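Peer 1: Please work from the sequences and hints to get the whole structure.
Under the numbering used here, the first residue of the sequence shown carries the number 131, and numbering increases by one thereafter.
Treat the hints as calculated values from the structure; they're not laboratory data. Since the model is a prediction, treat every value here as computed from it, not as a measurement. Each residue gets a CB set at the ideal place from its N, CA and C atoms; glycine is no exception. If a hint is listed, it holds; no wrong ones were tucked in.
Computed Cβ-Cβ distance ranges for the label pairs, DEER-style:
hint : residue 1 : residue 2 : range
1    : 146       : 173       : 40 to 48 angstroms
2    : 161       : 132       : 35 to 43 angstroms
3    : 138       : 167       : 43 to 51 angstroms
4    : 155       : 135       : 25 to 33 angstroms
5    : 158       : 134       : 34 to 42 angstroms
6    : 170       : 145       : 33 to 41 angstroms
7    : 141       : 171       : 40 to 48 angstroms
8    : 175       : 142       : 48 to 56 angstroms
9    : 166       : 136       : 39 to 47 angstroms
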Amino acid sequence: MSEELFRDFWWLMFPIFGMVMAVFGMLQENRRIDAIHNRARRELGTDQ
Numbered sequence: 131m132s133e134e135l136f137r138d139f140w141w142l143m144f145p146i147f148g149m150v151m152a153v154f155g156m157l158q159e160n161r162r163i164d165a166i167h168n169r170a171r172r173e174l175g176t177d178q
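Peer 2: In structure tokens:
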């Protein structure tokens with residue numbers, strides 16, 4: 131049963147891997163932008 135399931139759907143590993151990497155990239159980008167905003171607020175003295 132599991133062999134047949136793998137044989138039929140092995141190609142789904144590629145789009146799933148791509149989606150996981152896209153989510154990871156979005157999270158990294160969000161952290162980077164937050165760090166830039168925090169630094170700008172700190173240097174400009176406008177804590178909110």
